[in-house]
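> Chain A is fixed; fit chain B onto it per the hints.
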Amino acid sequence: MPKFRRVKDMLHLDASNLPALARGCSVLGAGGGGDPGLGVVMAAEAIKRHGVVTVVKLDDLDEAAWLMPCGMIGAPTIATERIWSGDEGTVLREVFEDLHGGQVAALMCFQIGGANGLLPVSWAARCGLPLLDADGMGRAFSELQQQAMHVAGVSVSPVALTDGRGNTIVLRTADDVWAGRLAREAAASLGGVCAAAICGMRAGRARHAVVEGSVSLALRLGAALRAKGLGGVLDALGSVLAATLLIEGRVVDLERRAGDETLTGSVTVRAGSGPAGMRQLRLEMQNEYLLAFEDGALRAAVPDLICVLATESGTPIAAEELRYGQGVAVVAAPAPAIWHSGPGLALVGPRAFGYAVDYAPVDGGMEAHV
Amino acid sequence: MSDLRIGIASGTTGTDAVAIDDRDRLLATASVQAAGDVRGAIAAAIRAIVADDAVVPGAVRWVMLGSGQALEGVAAVQGVRKVAVVRVGGPLTLSVPPLATWPSALRDAVSAGEIVVAGGSEYDGRAMVALDEDAIARFLDGVGDEAQAIAISGVFAPVSPEHELAAADLVRRKLGNWVHVSLSHEIGSIGLLERENATVLNAALGGAAERLAVAVRATLAEVGIDAELFFAQNDGTLMVVEHALRFPALMVASGPGTTIRGAAHLSGVGDAVVVAVGATTSYVGALVNGIPRERTGPTEIAGVRTSLRLPDVHRVPTGDATLAGAVEDAKAAQPAGPLVVVGRGQWLVPDRMDGVSEVIRPRDGEFAQAIGAAVGSVSGQFARICLNRPDTRRTVLEEVRTAAIARAIDAGAHPDTVAVVEVDEAPLTYLVHPALRIRVRAAGPCW
Numbered sequence: 001m002p003k004f005r006r007v008k009d010m011l012h013l014d015a016s017n018l019p020a021l022a023r024g025c026s027v028l029g030a031g032g033g034g035d036p037g038l039g040v041v042m043a044a045e046a047i048k049r050h051g052v053v054t055v056v057k058l059d060d061l062d063e064a065a066w067l068m069p070c071g072m073i074g075a076p077t078i079a080t081e082r083i084w085s086g087d088e089g090t091v092l093r094e095v096f097e098d099l100h101g102g103q104v105a106a107l108m109c110f111q112i113g114g115a116n117g118l119l120p121v122s123w124a125a126r127c128g129l130p131l132l133d134a135d136g137m138g139r140a141f142s143e144l145q146q147q148a149m150h151v152a153g154v155s156v157s158p159v160a161l162t163d164g165r166g167n168t169i170v171l172r173t174a175d176d177v178w179a180g181r182l183a184r185e186a187a188a189s190l191g192g193v194c195a196a197a198i199c200g201m202r203a204g205r206a207r208h209a210v211v212e213g214s215v216s217l218a219l220r221l222g223a224a225l226r227a228k229g230l231g232g233v234l235d236a237l238g239s240v241l242a243a244t245l246l247i248e249g250r251v252v253d254l255e256r257r258a259g260d261e262t263l264t265g266s267v268t269v270r271a272g273s274g275p276a277g278m279r280q281l282r283l284e285m286q287n288e289y290l291l292a293f294e295d296g297a298l299r300a301a302v303p304d305l306i307c308v309l310a311t312e313s314g315t316p317i318a319a320e321e322l323r324y325g326q327g328v329a330v331v332a333a334p335a336p337a338i339w340h341s342g343p344g345l346a347l348v349g350p351r352a353f354g355y356a357v358d359y360a361p362v363d364g365g366m367e368a369h370v
Numbered sequence: 371m372s373d374l375r376i377g378i379a380s381g382t383t384g385t386d387a388v389a390i391d392d393r394d395r396l397l398a399t400a401s402v403q404a405a406g407d408v409r410g411a412i413a414a415a416i417r418a419i420v421a422d423d424a425v426v427p428g429a430v431r432w433v434m435l436g437s438g439q440a441l442e443g444v445a446a447v448q449g450v451r452k453v454a455v456v457r458v459g460g461p462l463t464l465s466v467p468p469l470a471t472w473p474s475a476l477r478d479a480v481s482a483g484e485i486v487v488a489g490g491s492e493y494d495g496r497a498m499v500a501l502d503e504d505a506i507a508r509f510l511d512g513v514g515d516e517a518q519a520i521a522i523s524g525v526f527a528p529v530s531p532e533h534e535l536a537a538a539d540l541v542r543r544k545l546g547n548w549v550h551v552s553l554s555h556e557i558g559s560i561g562l563l564e565r566e567n568a569t570v571l572n573a574a575l576g577g578a579a580e581r582l583a584v585a586v587r588a589t590l591a592e593v594g595i596d597a598e599l600f601f602a603q604n605d606g607t608l609m610v611v612e613h614a615l616r617f618p619a620l621m622v623a624s625g626p627g628t629t630i631r632g633a634a635h636l637s638g639v640g641d642a643v644v645v646a647v648g649a650t651t652s653y654v655g656a657l658v659n660g661i662p663r664e665r666t667g668p669t670e671i672a673g674v675r676t677s678l679r680l681p682d683v684h685r686v687p688t689g690d691a692t693l694a695g696a697v698e699d700a701k702a703a704q705p706a707g708p709l710v711v712v713g714r715g716q717w718l719v720p721d722r723m724d725g726v727s728e729v730i731r732p733r734d735g736e737f738a739q740a741i742g743a744a745v746g747s748v749s750g751q752f753a754r755i756c757l758n759r760p761d762t763r764r765t766v767l768e769e770v771r772t773a774a775i776a777r778a779i780d781a782g783a784h785p786d787t788v789a790v791v792e793v794d795e796a797p798l799t800y801l802v803h804p805a806l807r808i809r810v811r812a813a814g815p816c817w
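From first to last, the protein sequence lines are chains A and B. In this text, residue positions in the first sequence follow our numbering: the first is 1, and each later residue adds one. In this text, residue positions in the second sequence follow our numbering: the first is 371, and each later residue adds one.
No lab work stands behind these hints, which were simulated from the structure alone. Please note that a few of the clues may not be correct.
Claimed, not checked - With a straight-line cut-off of 25 Å between C-alpha atoms, the simulated DMTMM-like cross-links for lysine to aspartate or glutamate are: (1) B:K544 with B:E484; (2) B:K452 with B:E516; (3) A:K48 with B:D478; (4) A:K228 with B:E670; (5) B:K452 with B:D504; (6) A:K48 with B:E670; (7) B:K544 with B:E516; (8) A:K57 with A:E97; (9) B:K452 with B:E612; (10) B:K544 with B:D515; (11) A:K228 with B:D690; (12) A:K228 with B:E698; (13) A:K48 with B:E484; (14) A:K48 with A:D9; (15) B:K544 with B:E532; (16) A:K48 with A:D14; (17) B:K544 with B:E580.
As the list claims (entries may be wrong) - What follows is a list of derived Cβ distance ranges for each label pair: (18) B:A500 with A:K228: 50 to 60 Å; (19) A:D358 with B:G673: 44 to 54 Å; (20) A:N167 with B:R763: 22 to 32 Å; (21) B:A500 with A:E312: 43 to 53 Å; (22) A:A346 with B:H803: 28 to 38 Å; (23) B:T650 with A:E185: 55 to 65 Å; (24) A:A223 with B:L718: 35 to 45 Å; (25) A:M278 with B:G673: 41 to 51 Å.
Cβ atoms here follow ideal geometry from the backbone N, Cα and C, with glycine treated the same way.
This is chain A alone, in the form it adopts within the complex (with noise of 0.2 Å):
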């Protein structure tokens, strides 16, 4: 619970900063994740009917508080048609804590990155409890157990799932690539799309386990992608997220694979004119942006952010969205410090993406040549 502090230092979410909260979170998808669009609409709802929520951070809470990771699994595109019913975090909460024992004292995004940034929060408002100022990727990623807490020995089993209309599935399993492979199996079965609750861990767990200042730095990127013009925006993501411009130009071309679950494929952008003016970056991408090429180079490498804007107005373009033609700026951003660690690299550097190639930081960490 939270320790003596006056409410009105304490950072808040409301009708007034979900859209910031909602740009900041499409820049960490990472060109996926989800249009979080629909959990603005969402947590405004739930907002105006229970209150506004209250973002907690790590040392608000006692050691022993157990905190909920949430969020939903499955097709985006089916959650924007089968839409959520609202009382899934509350079903979540019943369940995690006849699953710990526990009551819960905050919800927490597993994943700040698309849609899954903004579902916690209108299930927090529901549940009248805070979202604590953290998440489990600091970006987005496809696979369920690509969370920190994973990395950090945190089970990601048991796992609570619920469909908005009754039906909860909890899932215990041998490891977490199960818990991943049979969520995804049940989500099928719940609709295509569900709710879960995974990775149960009490405060003192969650120290060194999560990605802390998730929220407050979406909220953040927000506030600076209203700066004026692309430069404006490019100036605010160098400064809040030490983000290097790694080409502006236009997208010249683009294939796209759709497979089972994920859309493969590349996109090259090439800016200048002429043999000596010309430059052209290559990006592969597997729902996110992966990987960017320029002459064979690699320049930047999950499990780093790479992100592309439109040039125009500055705003974060979802890999499926991305046109033939479009103006867009291609910016790359080091991801938090847990993925750079040996077992981080393992789980979501190129090569667990299938790509023979090694992780290197954004330009080799060389100075950008810009």
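Chain B alone, transformed into the frame defined by chain A:
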């Protein structure tokens, strides 16, 4: 004597009319200043064009009306029908009630009440839960007197429209056949809130569309024209007035589509960037294979996010320096073909622009919108979502083709010459079982 077509384009500052013969020759043009109300301006334009000696009223067989302002009721929050809003999706979807995102003035003007009842489909077409017909019946008892139209939107209706059709049946049994019913699977694609919004707007706009049709027909009768009346759709194609009264949302923003098609007709070019320079607003769009390129993602009408398909145009105030940037963007996305400049203020666009090899200023380009309406083909389209399995895809594709052709015929296309002109299959991402959105457009000449 040659059969004539009259094309009418109504805008914020003026209304144009053109008369075209069956060899596509422009016989006469007329322009009137907007005299406050749209219907008055259209009537004045009709009187002006028949005053031309080249136009014999008895020879006019078709009148095509393109009017962005025809449905001004949406923006003005006047003249809209009261709509009873039925969503079929409970117990899901309750986190965002119907019309939750609407501007409150428009919502107050449109809504006769909203309800979410149990029902809807899964993404694979299976029923989610049984349709709660009792709840719909009770709701209708409560709003029946006030409601002038009913909008019904079911979860995954683009996959399986069964619950929407059953609900519509119930409405007709209770309220009679006279009441307008808009069904979401006939209006939009996946994304419940945007499709529901489009469906409610469609239901709300029927009255404005009807008043417009009555007024235009009265003027036509007055000047001695006995012609088939068509309205321009948002994509610049046409639909006969009876069809337009069922689907008025398809004509809320027809200006850019008709203008781009007019530019295509006048220039003879199928791929181009089109710049239309009006008195107050200019826009830049793209013509791809003779069709105005559409915007991807949701569109906004009167502050409401919808799934309505609109041309992808970039608007700038006329005379604004940002036009050059908009042209450059459009040119990069559509490198094939020249730049076609139309509209009254076309002299504002220079002959040389970055990245543009050729600028075409077709003759009579100032009447591109009215001409585009007059020469348009009649079209209908239909979309469905299905699982991407070879047998399912084949069956559904055939159903969608049949439905699109039926739509085009209902919209006034000749049954003997109507043909499928566009098949668009798009995979839906992040699905456990891959799914497909199949969209078909059929078109043909009017008759």
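> Which hint numbers does the structure go against, in order from smallest to largest?
No numbers; nothing is violated.
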